[in-house]
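S.K.: Quick mapping for you: the protein sequence lines, in order, are chains A and B. The numbering used here applies: residue -17 is where the first sequence begins, and numbers increase by one. The numbering used here applies: residue -17 is where the second sequence begins, and numbers increase by one.
Some hints here could point you the wrong way.
Cβ-Cβ distance ranges computed for the label pairs, FRET-style [stated by the list, open to error]:
no.: 1; chain 1: B; residue 1: 131; chain 2: A; residue 2: 117; range: 55 to 65 Å
no.: 2; chain 1: B; residue 1: 121; chain 2: A; residue 2: 121; range: 40 to 50 Å
no.: 3; chain 1: B; residue 1: 54; chain 2: A; residue 2: 87; range: 25 to 35 Å
Since the hints were made in silico from the structure, they are not lab data. For glycine and all other residues, C-beta sits at the position ideal for the given N, C-alpha and C.
Number of protein chains: 2
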Amino acid sequence: MIKAAFSVLLVLVAMSSIFAKYIPKTGKRIPQTLSRGWGDQLIWAQTYEEALFWSRSRNKPVMVIFHLEDCPHSQALKKVFSEDDQLQKILDEDFTVLNLVYETTDKHLSPDGQYVPRILFVDPSMTVRADINGRYANRMYAYEPSDISLLISNMQKAKKLLKSEL
Amino acid sequence: MIKAAFSVLLVLVAMSSIFAKYIPKTGKRIPQTLSRGWGDQLIWAQTYEEALFWSRSRNKPVMVIFHLEDCPHSQALKKVFSEDDQLQKILDEDFTVLNLVYETTDKHLSPDGQYVPRILFVDPSMTVRADINGRYANRMYAYEPSDISLLISNMQKAKKLLKSEL
Chain A
-17 MIKAAFSVLL VLVAMSSIFA KYIPKTGKRI PQTLSRGWGD QLIWAQTYEE ALFWSRSRNK
43 PVMVIFHLED CPHSQALKKV FSEDDQLQKI LDEDFTVLNL VYETTDKHLS PDGQYVPRIL
103 FVDPSMTVRA DINGRYANRM YAYEPSDISL LISNMQKAKK LLKSEL
Chain B
-17 MIKAAFSVLL VLVAMSSIFA KYIPKTGKRI PQTLSRGWGD QLIWAQTYEE ALFWSRSRNK
43 PVMVIFHLED CPHSQALKKV FSEDDQLQKI LDEDFTVLNL VYETTDKHLS PDGQYVPRIL
103 FVDPSMTVRA DINGRYANRM YAYEPSDISL LISNMQKAKK LLKSEL
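Whenever a hint applies, use it, and build me the whole structure from the sequences.
M.R.: Here it is as structure tokens:
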């Protein structure tokens, strides 16, 4: 009987050490995702260097999304963006995707300033496609939720030029 | 009766459009996490630039982990690393953390070459702490699973020098 109790205790101790995990004082956190809600099914590059590497090796243009988690314009665009099946499918099949909440040191990614949300395309030759822009003259690379179809047609542009350049 | 059936159909159609989500041909994927298994409760910087920014503004040293998902040495270290409560607690409270599967353009982060797993410390003054290393002469910044206590004492070093420099 004592033996059995001891065995149970041993198993419990072993189990607790297997499942021992650090929990912050402020409570358990939800792990951060690389997608940050812009498309959980897409395979995201972590850094710009990584995105350029994949773009070159797979010959697929990069879409870079600059955004901020607590920016309502970013949030509104993200909702429509992540729920648009057509957009997500094209991105998954024909693009390298990167979303950043922090600016890079590369000035080419901010042709008319650093604002969010802002979407830039980069083709596999590593040229930033400053010619592909949205509908706002003062923020050329900004998109609003109602601009999704323009964004999709811009994605087609980013793909087309690439092919015609080959 | 027909009206009721129509209502049900309408609700079903509405629900399916609400829950419509892009699913890749190859099947649903598990979203990528920024932690990549090195500590789901830690708050990870996405890029080196972001890590340096947080390091300076919070006055906490950076730990940079270079690893590869399909490298058995990285995997073995990751398991011990993520399960060590003491290590995770210190990282959460006193460090800015970054894990990378792709090299940066900054040569200071590869003082003796680009290999994985490799752990570098950077203090808030943006100096890479090349003086804090593991026990292997040919790969100065490599750690094996059995080196966790050395890694923790190196973390204390990274913290100490910072304070004495103030």
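S.K.: Against this structure, judge whether each hint is valid.
M.R.: Right, here's what the structure says about each hint:
no.	hint	verdict
1	B:131 to A:117: 55 to 65 Å	holds, 59 Å
2	B:121 to A:121: 40 to 50 Å	holds, 47 Å
3	B:54 to A:87: 25 to 35 Å	holds, 34 Å
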